[in-house]
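Asks: The listed protein sequences correspond, in order, to chains A, B, C and D.
Per my numbering: the first sequence ends with 160, consecutive numbering throughout.
Per my numbering: the second sequence ends with 320, consecutive numbering throughout.
Per my numbering: the third sequence ends with 403, consecutive numbering throughout.
Per my numbering: the fourth sequence ends with 486, consecutive numbering throughout.
The hints are simulated quantities; they were obtained by calculation from the structure and are not laboratory data.
Quick caveat, the model's predicted, so the values are computed rather than measured.
Every residue gets a Cβ at the ideal spot worked out from N, C-alpha and C, and that includes glycine.
Hints may contain errors.
[As the list claims (entries may be wrong)] What the simulated footprint calls covered on chain B by chain A, stretch by stretch (three residues with Cβ under 8 Å from a Cβ of chain A suffice, anywhere in the stretch; the number is not a length):
id	region
1	191-199
2	254-268
[To be verified] Straight-line Cα separation of at most 25 Å, DSS-like style, residue types lysine-lysine; simulated pairs:
id	chain 1	residue 1	chain 2	residue 2
3	A	Lys-62	C	Lys-374
4	D	Lys-405	D	Lys-457
5	B	Lys-222	D	Lys-457
6	C	Lys-322	C	Lys-357
7	D	Lys-457	B	Lys-218
8	C	Lys-374	C	Lys-357
9	A	Lys-58	C	Lys-374
10	B	Lys-218	D	Lys-405
11	D	Lys-440	D	Lys-405
12	A	Lys-58	C	Lys-322
13	C	Lys-374	C	Lys-322
14	D	Lys-457	D	Lys-440
[To be verified] The following label-pair restraints were derived from C-beta to C-beta distances:
id	chain 1	residue 1	chain 2	residue 2	range
15	A	Met-38	C	Pro-390	46 to 56 Å
16	A	Met-38	B	Ala-309	33 to 43 Å
17	C	Pro-384	A	Lys-40	26 to 36 Å
18	A	Thr-48	B	Ala-259	14 to 24 Å
19	A	Asp-141	C	Pro-370	17 to 27 Å
20	D	Pro-425	B	Ala-259	45 to 55 Å
21	A	Glu-148	B	Gln-165	38 to 48 Å
22	D	Thr-431	A	Met-1	52 to 62 Å
23	C	Phe-381	A	Ala-6	17 to 27 Å
24	C	Ala-344	A	Gly-130	37 to 47 Å
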Amino acid sequence: MIRVQAEDFDVGDEIDRLTSGRTHIGGIATFLGLVRDMAKGRPVTAMTLEHFPGMTEKELAKIEVEAQERWPLDATLIIHRYGRLAPGDRIVFVAAASAHREAAFEACMFLVDYLKTRAPFWKLEEGAAGAEWVEARESDDLARARWEADSSLAKRVRPA
Amino acid sequence: MIRVQAEDFDVGDEIDRLTSGRTHIGGIATFLGLVRDMAKGRPVTAMTLEHFPGMTEKELAKIEVEAQERWPLDATLIIHRYGRLAPGDRIVFVAAASAHREAAFEACMFLVDYLKTRAPFWKLEEGAAGAEWVEARESDDLARARWEADSSLAKRVRPA
Amino acid sequence: MKLLYFAWVRQRIGIAEEEVTPPANVATLGDLVEWLKGRGPGYAAAFANPGVIKAAVNQEFSRPDRRLSPGDEIALFPPMTGG
Amino acid sequence: MKLLYFAWVRQRIGIAEEEVTPPANVATLGDLVEWLKGRGPGYAAAFANPGVIKAAVNQEFSRPDRRLSPGDEIALFPPMTGG
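Using the sequences plus the hints, can you model the full thing?
Replies: This is the structure in structure tokens:
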């Protein structure tokens, strides 16, 4: 499931909704991303997330389908917020549920890595020196490239 | 933080408590383990978790210290329940918070792998054919052995 | 065709979207960016380094050699920083 | 010394804990398990395959060659299945 929204969300409620009535789920791996109060050693007072409405949802849906093709997943969830947020605020939540914990963890990592580089979101950080657009991290591209080069990870956790 | 308890817990509240007032945290990776309704192809109607009071807490505390030595973590949490549970019930919750998502994910996986094999818990599954103790999975020992053999993973995500 | 700008591309140009009718020799996405650079100092600043610019044609990521049609919606933006 | 049993070790023996005073030739954890096997059919069933039995002496995981002292608390149990 995909949700792109300005509103905050409740992690416990989201996990409950994802798992309720699905008692074959053995484990849920999740990742919650928060606004940090520092960036490159400087205090951050606010962060504004801009996105490309319409395309964002399409890209997230593609990423989700790809994860479900690679791993035996019972459910997945991606929530990504946009708008102006303060340090400590929730930005993104990714959950992957599976009968197998390895599949849940790897799918969750995969989804987060792809979100960082393939979903059309941009972050503007505000601090004492004004506002600055966050630059793409080379390490994020590398993290994503790992999944493209190596499909053996997915094979390893997929039941024979 | 370590909690071994019979009572259920609220995942959202636990994450909030872990992160509140710590605005340098960038990401929290978590794993929630649930009672599955099937085991080895047979329906499970209940699961009873037995543990070694006193030693359990000591072992979990050791595992937590080990994770904090290997990765740059801001906070960790392990909650493990004992007693009789029904399919869909929460068994275990592990959370690792870090400024770096890779560290959060790897520490969370490490903690879960160790829990499976090093913490003194035993599972008794009840089904139509009676009650049966869950056998240790060889793959769980392998998952744990990976962390013992390979400390390069930890080095990779530790800041230079 | 309809153009959409995001993040610092939008800020430097000063508008979020516009309709344009480029000359006939603008056949590809790469041509379009080169043509836009000549439209004023904001455009020149936004596309000073075309190599870092990402683009989507009709909401699909596209490379500079992508051929364009008059009805296309073209989005131009910096590398994404989501998650 | 105090003995604690867990999971199917406890079930087969039929009690969760007991105080024992083994003979002087029981020096190690391995010796103790061998000695316990002779105490009755429940013990024999619990320790039929000593290779799978795990042990903790004073709440520390210990191997069969661990030497024992009279005041030790020894826990005997199957491989753990937590998480």
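Asks: Against each hint, give a clear statement of whether it holds in the structure.
Replies: Going down the list of hints, with the structure as the test:
no., hint, result
1, 191-199, "holds (count 8)"
2, 254-268, "holds (count 6)"
3, A:Lys-62 <-> C:Lys-374, "holds (18 Å)"
4, D:Lys-405 <-> D:Lys-457, "holds (16 Å)"
5, B:Lys-222 <-> D:Lys-457, "holds (18 Å)"
6, C:Lys-322 <-> C:Lys-357, "holds (16 Å)"
7, D:Lys-457 <-> B:Lys-218, "holds (17 Å)"
8, C:Lys-374 <-> C:Lys-357, "holds (15 Å)"
9, A:Lys-58 <-> C:Lys-374, "holds (17 Å)"
10, B:Lys-218 <-> D:Lys-405, "holds (19 Å)"
11, D:Lys-440 <-> D:Lys-405, "holds (16 Å)"
12, A:Lys-58 <-> C:Lys-322, "holds (19 Å)"
13, C:Lys-374 <-> C:Lys-322, "holds (16 Å)"
14, D:Lys-457 <-> D:Lys-440, "holds (15 Å)"
15, A:Met-38 <-> C:Pro-390: 46 to 56 Å, "holds (47 Å)"
16, A:Met-38 <-> B:Ala-309: 33 to 43 Å, "holds (35 Å)"
17, C:Pro-384 <-> A:Lys-40: 26 to 36 Å, "holds (30 Å)"
18, A:Thr-48 <-> B:Ala-259: 14 to 24 Å, "holds (21 Å)"
19, A:Asp-141 <-> C:Pro-370: 17 to 27 Å, "holds (19 Å)"
20, D:Pro-425 <-> B:Ala-259: 45 to 55 Å, "holds (54 Å)"
21, A:Glu-148 <-> B:Gln-165: 38 to 48 Å, "holds (43 Å)"
22, D:Thr-431 <-> A:Met-1: 52 to 62 Å, "holds (57 Å)"
23, C:Phe-381 <-> A:Ala-6: 17 to 27 Å, "holds (25 Å)"
24, C:Ala-344 <-> A:Gly-130: 37 to 47 Å, "holds (42 Å)"
Checked against the numbered hints given earlier, this structure breaks none of them.
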